Structures are given as structure tokens and as C-alpha cells.
Amino acid sequence: MDSLTPPAPPHPQNTEEDCFPPKNALCRHDEEQHVQNCDRISTLPDDILIEILSLMTISEAAMTGFLSTRWRHVWKKINHLILDSYTFGMQELEKSRYHENPLLWNDVATKFVHKVNGLLHSRNGNKIKELIIRFPLTSAHASNMDHWIESAIVASTEKLFLDLDNKCCKEGCTICVKGMKAASEPYDFLLGPFFNGRADSLDELTLFNCSIGTMPANMSGFSYLKSLLLARVSIVDETVSSIMSNCSALEIMVLQYCHLLVHLTASHARLQILVVQFCKSLVSICIHADNLESFAYMGYKINIECEHAQFLEMLHVYFVNKDDCPLDFISAFPKLPKLEFLVIQFPTCLQVYRVLQHASRFAGLTTVMLVLMKPWKEGISSVAYVLKSAPLIEYFGLHGCCKLHQHTQLNITWLEDLILARLYTIIIGGFSGEFELMELVYFLLRSTPALDVFEIDTRAMEPWLARSNEDKLQDDMRRCYAREMAYAHLVPKVPSTVKFHII
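Just so you know, we're using my numbering here: the sequence shown kicks off at 507 and counts up by one.
No wet-lab data here; the hints were simulated from the structure.
As the structure is a computational prediction, the values presented were derived from the model and not from experiment.
For glycine and all other residues, C-beta sits at the position ideal for the given N, C-alpha and C.
Some clues are possibly wrong.
Ranges between beta-carbon positions, derived for each pair [said to hold, decoys possible]:
1) L610 - R546: 44 to 52 angstroms
2) L573 - M983: 50 to 58 angstroms
3) V781 - S754: 14 to 22 angstroms
4) F1006 - A927: 18 to 26 angstroms
5) V742 - G624: 33 to 41 angstroms
Derived lysine-lysine pairs resembling BS3-like cross-links, with alpha carbons at most 27 angstroms apart [unchecked claim]:
6) K844 - K894
7) K582 - K633
8) K844 - K807
9) K978 - K894
10) K841 - K807
11) K841 - K894
12) K786 - K880
13) K880 - K909
14) K909 - K978
Let the sequences and hints guide you as you build the complete structure.
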């Protein structure tokens, strides 16, 4: 090379910075790509996201509004709302003994009301299919609850559940009455929104612990209501009759602890299910419901009038007075050609002559369930006469009184040569290993050649029978003894072809 020729410029060296983008730019790109790849849930349609959020409490779902603009308003479209102390992360009032401290109740109730107001306001009028509000409020917060009902109607709510019941203790507790004296008046349910068909989307209404005043004749807002449940509601006979006349689509009516009812008239062409439970002032029930399929009554003996019962399939009768026989209640009905399902609670032992007196009513029964409030001892043999009167029976259930008694021998005389050819399932509940129920089981095993399922359940029907630790200990001892008796004496008697269970 000529010495005068300038040397070629040196080939540039590729540094690490030249070959790769800056590290911070790479990190930003990776992060964006990672978020885009991982946040696939945000790309789902609103309908699916709403279903996912519906599995949370509404407070938890509302927190998703902080995730991104995509999520900001999705939770507001949830149309099944459950609003209670748990939903808002508040102290459970049942455990706070708030009924002994009115100031505590007022403070907690005010916080709850504010939270409900804020939540309903934030929804911007979105549709609500089901609105459940559970909190012990009274007339002290009537204006707020009026607003909630107005909001529910505007949002085309289909199911409205308002539970203002005080569940801290039993009904009539003097502590609660004294502690809540300042706000003891129950909330008077707002009827205004139901005028002139404004609530035409509402088909289920459930009210606990409130009152319903006089209902005007033009209450057309209940025209589409199919199910109505009133529990501990202050309501009179005339208002119930007015409701039924205004609810042209009503199919289900449940009245529980409505103590102002005296002479109840249930008159409705489409009514299919009627339940009346523990209305202590009730004297009579007059039923005019040609399509009634199921009727349940629990309480003291009353007068019953029913013109037509040709479609009645299920009948539940629970009497609490020891001198009352529920079979007399059944006789007040006309012929029951479709009756298949019968549940009866007996406060005292059923006499055989009573069964024979009403035997014709049992001819079409396929399911019979008997609830015993006291031991029947030798009188347990009357069960055989009930079963004999129901030749089509397929399911038989009996619940004992759940009390541990000394195992004594009894002289029980059973019907001979009785064969229950269609009886496939037997459930004996509240079993305590008592001698009379053991003998009943032996009799049933002899009389049921087609038996498929036999179950012995030692649990009490009502969990409140074991409230305290001492009661629970006694109940555990009873159940342990009952299971020992069942395994030792019943298991060897059960045919191998029968599915036998002991609980």
C-alpha cells in the first residue's frame, strides 16, 4: 500500500448497546406484553364477568372497580343483591347483644343504612332481579327504607326480600322489647310504589317483622305477584283479603306468626300453595281455592272450611295442643281424591279408634310422615292402622321425640298378617333407641317384602334442641346410645337386599 494513501477508517466495533435496545425500554415492553397476555379475564364479555362477580359479596365485587377503567362499572350491573351485615363486613348483631344497648343498635343501624344508600345510588338505575335486605331496622329508618323500595321498583326488581327481624333471641324477649323501646314500632311497608301498575315486574315479595296498613282498592301494582310470604307482619284479615283480590296471578301464600289474624279468608282462583303457621289469634280459615294443591297448617286447633279440594295433593297438619287430634282437622275437608302426601304432627298418642274413624281419607296416600312430640309407648301400634289404611303407600317416615328414656319392656300388640306390598322406603328420624321404636322397626321389617331403603337417623329435627353446651353433650350421649342400639339389635334383622343406613 502506498504510504501516501490514507488508511481506511477502522471498522466500527458493535457494542452491547448497539446490538440490544436499552434495558429500560425492554423491561417496559416485556411488562406490557406480560400484562396483555395474563389479563385475559378482562377481555371476557360483561355477562360472564357479572356472573363471576356475583359469586362475591357486593362489597368485594365493588373493589374490582379500582382495577382498571374496564372494570370500573362492571360490578354495578350485578342484578342479585344481598345486603346484610356480612356483606358490608360489619359485626354480626346477633353476637353483639345490641338489643341491650339502644345506642349501639342506633350507631350500627345508621352505618348500615348509609352503606345501603350509597350502594343503591351508585348503581345508576341498573336492573335488579333480586334484592335481599337483612337487618333489624324499625320505623326509625322508615324514610330510608321507603327509598329502597322505590329504587327496587324503578329497577324492575323481580324478587324483593325485606327481613327486618330481630334474630338475637326468641320472640317476645323482654330484654329486646325494653332495649329497643325507643324504636320499637315496626316499619310500615310502603305501598305507594305499587299504585297504577308501577311494580308490574315484581313476582315474589317476602317481608319479615314489619306492618302492612289498609290497602286501597286500586292497588294494581300487585297484579303480577306470584309468591307472597309474610312473617311476623302486623296485618289484619281485611288487608289479607284485599291483597288476594289485587294479586290476580298469586300462586303461593305463606303467613307465619301474623298474630293479628283472626278469621282468615283465602279466596283465589289460581292459588296453589297455602301455608299458615303459628298465628296465635287465629280462630278460623275459610278456603275458596279450586286449584289448591298444597296446604300446611301449624298451631292450635281451629275451624276450617274448604268448599273444594279436588286437586289437593299435599297436606301438612302440625298441632301443638295435647288435647287436639290433627285427624279431626283433616275431616273438615271435603273428599280428597288426589291426596297423596300427608305430614302430621301429634302432640299426644294417637288412639286406634281415631285412625279407624278417618281411615277412608288415607286410601290414595303414597307418602305418610308422622311427627311424635311425646313417647307413644304401647300406643305405637296405632301406626300399623294408619299404614293399613293406606294400601298404596310407598314412603313412610316417622320422627321420634328425641329424648333418652330408660329402656323398659312394653306389651305392644301388632296387627297380624299385614303386608305393605308397595312400601319401598322407610325413614325413622329422631331415633333414641327407645323400646317402642325398636319394636316398630321389627314390625315394619316383617311387613315390607319390597323394602329397598331403610334409614335410621338419630339427629333431632330441630337444631335448637341442643342450644347450650350441656344440652349438646346430652344430645351427643343420646345419639351415641341410639347408634349402639341400632347396630346391636337392628342390623342383624335387616335383609341383605335392603340399603340400610344409620346416621
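Do the hints match the structure? See the list:
1. L610 - R546: 44 to 52 angstroms: Taking Cβ atoms as reference, L610 and R546 lie about 47 angstroms apart, which means the hint holds.
2. L573 - M983: 50 to 58 angstroms: holds, 54 angstroms
3. V781 - S754: 14 to 22 angstroms: holds, 20 angstroms
4. F1006 - A927: 18 to 26 angstroms: holds, 20 angstroms
5. V742 - G624: 33 to 41 angstroms: This hint holds: roughly 36 angstroms between Cβ atoms.
6. K844 - K894: The given pair, whose Cα atoms are some 19 angstroms apart, holds under the 27 angstroms limit.
7. K582 - K633: Holds, at roughly 10 angstroms.
8. K844 - K807: Within the cut-off at roughly 24 angstroms; holds.
9. K978 - K894: violated, 38 angstroms
10. K841 - K807: holds, 20 angstroms
11. K841 - K894: Status holds; Cα separation ~19 angstroms.
12. K786 - K880: holds, 22 angstroms
13. K880 - K909: holds, 9 angstroms
14. K909 - K978: holds, 13 angstroms
Hint compliance for this structure: hint 9 is the single one not met.
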